[in-house]
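Peer 1: Letter by letter, the chains look like this.
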Amino acid sequence: QKEVEQDPGPLSVPEGAIVSLNCTYSNSAFQYFMWYRQYSRKGPELLMYTYSSGNKEDGRFTAQVDKSSKYISLFIRDSQPSDSATYLCASHKETSGSRLTFGEGTQLTVNP
Amino acid sequence: GAVVSQHPSWVICKSGTSVKIECRSLDFQATTMFWYRQFPKQSLMLMATSNEGSKATYEQGVEKDKFLINHASLTLSTLTVTSAHPEDSSFYICSARDMAEAFFGQGTRLTVV
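Just so you know, the protein sequences line up as chains R and P, in that order.
Counting in the working numbering, the first sequence runs from 353 upward without gaps.
Counting in the working numbering, the second sequence runs from 6 upward without gaps.
Please note: incorrect hints may appear among the correct ones.
[As the list claims (entries may be wrong)] DEER-style ranges, computed between Cβ atoms:
hint	chain 1	residue 1	chain 2	residue 2	range
1	P	S23	R	N463	30 to 38 Å
2	P	K25	R	N379	46 to 54 Å
3	R	S380	P	P91	25 to 33 Å
4	R	N374	P	K46	35 to 43 Å
5	P	K19	R	S405	47 to 55 Å
6	R	S404	P	T22	47 to 55 Å
7	P	A7	R	Q383	34 to 42 Å
[As the list claims (entries may be wrong)] Here are the simulated lysine-lysine pairs, BS3-like style, with alpha carbons at most 27 Å apart:
hint	chain 1	residue 1	chain 2	residue 2
8	P	K19	R	K422
9	R	K445	P	K19
10	P	K60	R	K445
11	R	K408	R	K419
12	P	K19	R	K354
13	R	K445	P	K69
Treat the hints as calculated values from the structure; they're not laboratory data.
We treat Cβ as the ideally placed atom computed from N, Cα and C, and that holds for glycine.
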């Protein structure tokens with residue numbers, strides 16, 4: 353079983369739709385959770401970073417963590433064609449220098 | 006957020022030659038950096054963890070003699086692909102931690118012909 357599971361999609365939505373991206377994890381030692389956006393042929397860009405359970409909002413993006421169910425989500429409101437990319441969830445333990453464990457990535461296309 | 010600069014962004018080399026990729030943390034010090042490889046439409050695969058002043062830790066199946074990692078300072082790690090072959094063609098990405106957040110370089114697309 354992978355430590356972080358993510359539906360690879362692809363996911364295609366119309367412009368303006370609310371997008372929900374989800375991951376589950378199995379390792380209880382994971383304390384930090386991140387969402388990255390990766391455009392084709394580019395390095396991943398950190399979108400959201402969370403530590404505790406609950407919601408964190410940044411503009412059109414909301415990250416949600418539920419540690420009790422080991423479930424992490426990213427919501428994108430009013431999606432735009434420029435949001436078309438691959439979204440990667442990632443987690444790591446609290447120890448310094450601990451490596452990230454990634455989900456497979458979900459490929460999102462927002463159609464104008 | 007913090008900036009990680011990776012150079013070059015793309016490189017083409019002949020089989021049998023070596024290629025060096027640099028990863029720099031521009032506005033923070035990174036005692037640990039990570040090197041990933043990514044195939045098309047796949048997630049990032051961790052190759053090795055680079056530790057400043059000590060030997061890198063390689064993931065299972067990654068040849069340490071082929072992928073040489075040097076982390077000589079708190080802001081620079083290098084990955085050298087030695088005796089490159091066409092199967093080494095891939096997208097290589099470095100990452101550095103600034104506290105709990107991890108930031109990535111722009112990636113290097115290596116093509117071996």
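Peer 1: Would the pair P/K19 and R/K354 pass a check requiring their Cα atoms to be no farther apart than 27 Å?
Peer 2: Since the Cα atoms of P/K19 and R/K354 sit roughly 37 Å apart, the hinted pair is violated (cutoff 27 Å).
Peer 1: Are R/K445 and P/K69 close enough, with their CA atoms no more than 27 Å apart?
Peer 2: holds, 25 Å
Peer 1: Does the hinted range 25 to 33 Å hold for R/S380 and P/P91 at CB?
Peer 2: violated, 42 Å
Peer 1: Would the hint linking R/K445 and P/K19 be met if the CA-CA limit is 27 Å?
Peer 2: At roughly 40 Å apart (the allowed maximum being 27 Å), P/K19 and R/K445 break the hint.
Peer 1: Does the Cβ distance between R/S404 and P/T22 fall inside 47 to 55 Å?
Peer 2: Since the Cβ atoms of R/S404 and P/T22 sit about 49 Å apart, the hinted range of 47 to 55 Å holds.
Peer 1: Please verify whether P/K19 and R/K422 have alpha carbons no more than 27 Å apart.
Peer 2: violated, 46 Å
Peer 1: Do the beta carbons of R/N374 and P/K46 sit within 35 to 43 Å of each other?
Peer 2: This hint is violated: roughly 19 Å between Cβ atoms.
Peer 1: State, for the Cβ atoms of P/K19 and R/S405, whether the hinted interval 47 to 55 Å holds or is violated.
Peer 2: holds, 52 Å
Peer 1: A range of 46 to 54 Å was offered for this pair. Does it hold for the Cβ distance of P/K25 and R/N379?
Peer 2: violated, 35 Å
Peer 1: Could you see if the CB distance from P/S23 to R/N463 stays within 30 to 38 Å?
Peer 2: violated, 44 Å
Peer 1: Could you grab the alpha-carbon distance between R/K408 and R/K419 and see if it respects the 27 Å cut-off?
Peer 2: Roughly 14 Å separates the two Cα atoms, so the pair holds.
Peer 1: Go ahead and decide if the range 34 to 42 Å is satisfied by the Cβ distance of P/A7 to R/Q383.
Peer 2: violated, 20 Å
Consistency note: the structure conflicts with the earlier hints numbered 1, 2, 3, 4, 7, 8, 9, 12.
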